[in-house]
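Chains as they are written, first to last, in my numbering: chain A, 1 to 358; chain B, 1001 to 1358; chain C, 2001 to 2358.
Bear in mind the hints are in silico, worked out from the structure with no lab data behind them.
Treat the numbers as computed from the prediction; the structure is a model and nothing was measured.
Certain hints may be false.
Claimed, not checked - Quick partial rundown of chain A residues pointing at chain C, CB under 7 Å, derived from the structure:
no. : residue
1   : PRO34
2   : PRO126
3   : ALA144
4   : ASN145
5   : PRO162
6   : GLY163
7   : ASN181
8   : ASP240
9   : ASN241
10  : LEU242
11  : THR327
12  : LEU340
13  : ARG343
14  : LEU344
What the hints assert, rightly or not - Cross-link-like lysine-lysine pairs, in silico, DSS-like; alpha carbons within 25 Å at most:
no. : chain 1 : residue 1 : chain 2 : residue 2
15  : B       : LYS1328   : C       : LYS2328
16  : C       : LYS2050   : A       : LYS338
17  : B       : LYS1304   : A       : LYS196
18  : C       : LYS2338   : B       : LYS1328
19  : C       : LYS2068   : B       : LYS1202
20  : B       : LYS1050   : B       : LYS1061
21  : A       : LYS68     : A       : LYS50
22  : B       : LYS1196   : C       : LYS2068
23  : A       : LYS304    : B       : LYS1328
24  : B       : LYS1068   : A       : LYS196
25  : C       : LYS2050   : B       : LYS1304
26  : B       : LYS1068   : A       : LYS202
27  : B       : LYS1338   : A       : LYS338
28  : A       : LYS328    : B       : LYS1338
29  : A       : LYS68     : C       : LYS2196
30  : C       : LYS2338   : B       : LYS1338
31  : C       : LYS2050   : C       : LYS2061
32  : A       : LYS68     : C       : LYS2202
33  : A       : LYS304    : B       : LYS1050
34  : B       : LYS1338   : C       : LYS2068
35  : B       : LYS1328   : A       : LYS338
36  : A       : LYS338    : A       : LYS328
37  : A       : LYS50     : A       : LYS61
38  : A       : LYS328    : C       : LYS2304
39  : B       : LYS1050   : B       : LYS1068
40  : C       : LYS2304   : B       : LYS1196
Just so it is clear, CB atoms sit at the ideal spot from N, CA and C, and this is done for glycine as well.
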Amino acid sequence: MASAGFTLQQIAERLGSQATVVGQGGALITGVAPLHSAQAGQISFLATTKSRVLADLASTKASAIVVKDASSAPGFNLIVVPDPVEAFDLILGLFPTPQCPPPAGVDPAARIDPGAELGEGVAVGPGVVVQAGARIGPRTVLWANVFVGADCRIGADCTLHPGVVLREQTELGDRVIIHPNAVLGADGFGYRTDRKTGVHHKVPQVGRVIVGNDVEIGANTTIDRAKFGSTRIGNGAKIDNLCMIAHNVQVGDGCLIAALTGLAGSVELDHHVVLAGHVGIRDNVHLAAGTIVTAMSGCSHDTKPGDVQSGHYGQDHRVYLRQMALTKQLPELFQRVKELADRLEAIERAAADDPKAG
Amino acid sequence: MASAGFTLQQIAERLGSQATVVGQGGALITGVAPLHSAQAGQISFLATTKSRVLADLASTKASAIVVKDASSAPGFNLIVVPDPVEAFDLILGLFPTPQCPPPAGVDPAARIDPGAELGEGVAVGPGVVVQAGARIGPRTVLWANVFVGADCRIGADCTLHPGVVLREQTELGDRVIIHPNAVLGADGFGYRTDRKTGVHHKVPQVGRVIVGNDVEIGANTTIDRAKFGSTRIGNGAKIDNLCMIAHNVQVGDGCLIAALTGLAGSVELDHHVVLAGHVGIRDNVHLAAGTIVTAMSGCSHDTKPGDVQSGHYGQDHRVYLRQMALTKQLPELFQRVKELADRLEAIERAAADDPKAG
Amino acid sequence: MASAGFTLQQIAERLGSQATVVGQGGALITGVAPLHSAQAGQISFLATTKSRVLADLASTKASAIVVKDASSAPGFNLIVVPDPVEAFDLILGLFPTPQCPPPAGVDPAARIDPGAELGEGVAVGPGVVVQAGARIGPRTVLWANVFVGADCRIGADCTLHPGVVLREQTELGDRVIIHPNAVLGADGFGYRTDRKTGVHHKVPQVGRVIVGNDVEIGANTTIDRAKFGSTRIGNGAKIDNLCMIAHNVQVGDGCLIAALTGLAGSVELDHHVVLAGHVGIRDNVHLAAGTIVTAMSGCSHDTKPGDVQSGHYGQDHRVYLRQMALTKQLPELFQRVKELADRLEAIERAAADDPKAG
Chain A
1 MASAGFTLQQ IAERLGSQAT VVGQGGALIT GVAPLHSAQA GQISFLATTK SRVLADLAST
61 KASAIVVKDA SSAPGFNLIV VPDPVEAFDL ILGLFPTPQC PPPAGVDPAA RIDPGAELGE
121 GVAVGPGVVV QAGARIGPRT VLWANVFVGA DCRIGADCTL HPGVVLREQT ELGDRVIIHP
181 NAVLGADGFG YRTDRKTGVH HKVPQVGRVI VGNDVEIGAN TTIDRAKFGS TRIGNGAKID
241 NLCMIAHNVQ VGDGCLIAAL TGLAGSVELD HHVVLAGHVG IRDNVHLAAG TIVTAMSGCS
301 HDTKPGDVQS GHYGQDHRVY LRQMALTKQL PELFQRVKEL ADRLEAIERA AADDPKAG
Chain B
1001 MASAGFTLQQ IAERLGSQAT VVGQGGALIT GVAPLHSAQA GQISFLATTK SRVLADLAST
1061 KASAIVVKDA SSAPGFNLIV VPDPVEAFDL ILGLFPTPQC PPPAGVDPAA RIDPGAELGE
1121 GVAVGPGVVV QAGARIGPRT VLWANVFVGA DCRIGADCTL HPGVVLREQT ELGDRVIIHP
1181 NAVLGADGFG YRTDRKTGVH HKVPQVGRVI VGNDVEIGAN TTIDRAKFGS TRIGNGAKID
1241 NLCMIAHNVQ VGDGCLIAAL TGLAGSVELD HHVVLAGHVG IRDNVHLAAG TIVTAMSGCS
1301 HDTKPGDVQS GHYGQDHRVY LRQMALTKQL PELFQRVKEL ADRLEAIERA AADDPKAG
Chain C
2001 MASAGFTLQQ IAERLGSQAT VVGQGGALIT GVAPLHSAQA GQISFLATTK SRVLADLAST
2061 KASAIVVKDA SSAPGFNLIV VPDPVEAFDL ILGLFPTPQC PPPAGVDPAA RIDPGAELGE
2121 GVAVGPGVVV QAGARIGPRT VLWANVFVGA DCRIGADCTL HPGVVLREQT ELGDRVIIHP
2181 NAVLGADGFG YRTDRKTGVH HKVPQVGRVI VGNDVEIGAN TTIDRAKFGS TRIGNGAKID
2241 NLCMIAHNVQ VGDGCLIAAL TGLAGSVELD HHVVLAGHVG IRDNVHLAAG TIVTAMSGCS
2301 HDTKPGDVQS GHYGQDHRVY LRQMALTKQL PELFQRVKEL ADRLEAIERA AADDPKAG
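With the hints as extra help, turn the sequences into a complete structure.
This is the structure:
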């Protein structure tokens, strides 16, 4: 953490005009921590009034707290803001922990093919393999045991964490971050089945993966190369851990894809689509700009801009919630129908017993 | 791509008697590309009439297109076939992109135990570890940073992509392809919980993994070793990325398992079972030959040959679709029952008001 | 396997007073195997009477079988116990297969920073990287190609299998086992989106991962570092393959988390929570001690101790099963309501036709 630190007032000023200090503006803040573990000199935040959080508040040693409502933490030095979580994210940037220093220069135990080109300031850790024809932009960092296949293109200022594999011809833009053990450019899952013998013949997967600028790709995520042409990830898209992006998928600019989500072959996401965790999208489906698919839901049809989809095959989120609520009332409905049947039968019996009806 | 290329007529002849040329059979084709990026000299295909695809067609520079219906792409050189996608898969094989050349011979930075045996023509990249007692068949390729544990058996003509881990005693048949960072032979997830203390004691996982011939295993997929005996993957089975095959699972010949699917302990798949993406099968369940489980569905019971299962615990796919359709009609059903109740009450009230009923 | 072996009587004695021998107590047992592959000298077990298992029984060459009911396997040497599976897990421990010997000492091709500290008896394989400031406890084994980032702390007697990545400042307790290619300490998935431009700005992820004693973490599982503070895995927790533990999650002591499960940011599991496969927990949710979430279910709300939750958003398991059963009866319910409507209409029509009602 920055040894000097900031006063509470200085921090509030960094947050803009909506932030106000309550208490000692001169209090020295030297770091950040969660409420339950904060020590003197550290700032924390309070975002809910859940009882567990209030218990943390009662015992915290934090020197200041970011809150929405000054009355929620009486007696503390406070910064009051409309959105404590958002404000705290900005404060985090003021107190960076020491980053792990990247490897300096090219490690002698890395295996760089003479036919590869490394830009100025490229850092390469031990165990890295860069094959012939690969070109790596300035200041890019390849951590230990990264594999860069033949003819890959990597832009400037990228970070590939340990164990990342880029198979041949993969392209990355600038400022791309790839977390450990992610795999780009593996063969797509494509076979032609002989109907007589049941043998699955491998369909050649001769395309590539092309990733735009400012993309982040999570640990152990896999992005398959196209059958032909390219699997594409647009600028500024962010993909979480353990996602599966199949061959020929097109992910638009600014999409957010949470963990354990799978996109089947040739899915197309327009820009700023949001897929929550454990989502599955059927092959060849096109999701329009701004579509949201909620957690653990599927989507098996094209959407319109801004659609919010939920459920097994995807439907309007509010309609789905209404169906779920009614499903929970099924026991009462079955009971009600049974009662109606009984009452109806009573009427019918009375009518049958009525001589005038005979 | 092949520098010489083929004429359109030559390509059509490779596709068999159902393929016919419309336009210039002598047009020279030197490569393949999707409609939207195809250039002169390249062949593409048209499989749907979606508006986005038709827009690609309007602007394509492809020299020829594979279609089902000649009228769908007037003015182009065409090959007309019953199934353009299937035909194009065959054409892909005519225009292979240059494969990334595998490592030649055994890299000096690989660590091959003197007690391991390598067949003729085995290629080993840098960072590879092969432990004592392992035997590797002729022409198999181990890419960079692959780990082959003690006493593994690997057949002929296999490809293990970078970062693959085979723990001790794993066996692979011939022509097996394993994509990057997949893990075979890790311990199964097995514990005995002490009911008094709540401590989970590890159950020894002393079995192995045995994989047949012509199997393909996706990136970051995990296949655990058996508790005892063997976890087995049958000949010709194809497993996609990020799948979990638990201890003692038996996968039959020719099964297809799509991404993010999990098979719990001791599941048995008979031959040619198809599991779509994000599927989960409960432990000890037996799926009969040809069973299909649709995407994002579970299956918690044994099946009969050819069953198609959907939904959380698995049921007949058509029955499930019918239930989903009726669930969507629940708002109307609740309304209808309410109306019936109102009408019934009106009748009961009329009867009560009727002096003759008194 | 142990060359000498045990007599059947000796094995039964190891299982405690509830185990009794039927047949030859002096039979020599030298190993374990499943029924279908067991050979003379091996012991197996019979846990069900499924027809497939009975077929295995009919053809087995096992010298002894562990059973619940002596009548289920007449003519065999038996050990009769209340729970054959549990008993067999204990027997497995008597016949360990030869473990793959770990690397001896520190491999010369490992890259240990001079500023790292290795305890007595630490074993390090080729391709391993240990950065400055890391401290590794006695007898811990780092298999090939493991990456240990700066300032990590690893306890005694841990095993990190090939390809495991610990990013900087990760802490492990004693006796932790991490399976191949798992990743601890990657950045959490956190962004602030500029509402005007749609650009996602990375929120610093400056926390760490802290893992307790006796934890086991599956192959290709990912545990992200905290945004600030710590992501924590409690003592004795067991996590299966391909799980996603997001930033700031707190996993309590003794939790069991099966494969392909995802915990979103800041989820808290109290002790001994059990999550079956393919489970998803919404961010910030707190699951009370002993909560169970069944396979392929979600949970989007806090629970009470011992709750069993199922379904998309999580609800009481038995209530959920009842709803599913009624959903399956929807076709009949729709039909019944239609019949009621018809009968009601008949009554209304009769009343309308009745002159006395006019």
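Status of each hint after checking the structure:
no. : hint                     : result
1   : PRO34                    : holds (4 Å)
2   : PRO126                   : holds (5 Å)
3   : ALA144                   : holds (4 Å)
4   : ASN145                   : holds (5 Å)
5   : PRO162                   : holds (4 Å)
6   : GLY163                   : holds (6 Å)
7   : ASN181                   : holds (5 Å)
8   : ASP240                   : holds (4 Å)
9   : ASN241                   : holds (4 Å)
10  : LEU242                   : holds (5 Å)
11  : THR327                   : holds (5 Å)
12  : LEU340                   : holds (6 Å)
13  : ARG343                   : violated (10 Å)
14  : LEU344                   : holds (6 Å)
15  : B:LYS1328 with C:LYS2328 : holds (14 Å)
16  : C:LYS2050 with A:LYS338  : violated (40 Å)
17  : B:LYS1304 with A:LYS196  : holds (21 Å)
18  : C:LYS2338 with B:LYS1328 : holds (17 Å)
19  : C:LYS2068 with B:LYS1202 : holds (23 Å)
20  : B:LYS1050 with B:LYS1061 : holds (19 Å)
21  : A:LYS68 with A:LYS50     : holds (14 Å)
22  : B:LYS1196 with C:LYS2068 : holds (24 Å)
23  : A:LYS304 with B:LYS1328  : holds (20 Å)
24  : B:LYS1068 with A:LYS196  : holds (23 Å)
25  : C:LYS2050 with B:LYS1304 : holds (15 Å)
26  : B:LYS1068 with A:LYS202  : holds (23 Å)
27  : B:LYS1338 with A:LYS338  : holds (13 Å)
28  : A:LYS328 with B:LYS1338  : holds (17 Å)
29  : A:LYS68 with C:LYS2196   : holds (23 Å)
30  : C:LYS2338 with B:LYS1338 : holds (13 Å)
31  : C:LYS2050 with C:LYS2061 : holds (19 Å)
32  : A:LYS68 with C:LYS2202   : holds (23 Å)
33  : A:LYS304 with B:LYS1050  : holds (15 Å)
34  : B:LYS1338 with C:LYS2068 : violated (55 Å)
35  : B:LYS1328 with A:LYS338  : holds (22 Å)
36  : A:LYS338 with A:LYS328   : holds (17 Å)
37  : A:LYS50 with A:LYS61     : holds (19 Å)
38  : A:LYS328 with C:LYS2304  : holds (20 Å)
39  : B:LYS1050 with B:LYS1068 : holds (14 Å)
40  : C:LYS2304 with B:LYS1196 : holds (21 Å)
Comparing the model with each earlier hint shows violations of hints 13, 16, 34; every other hint is respected.
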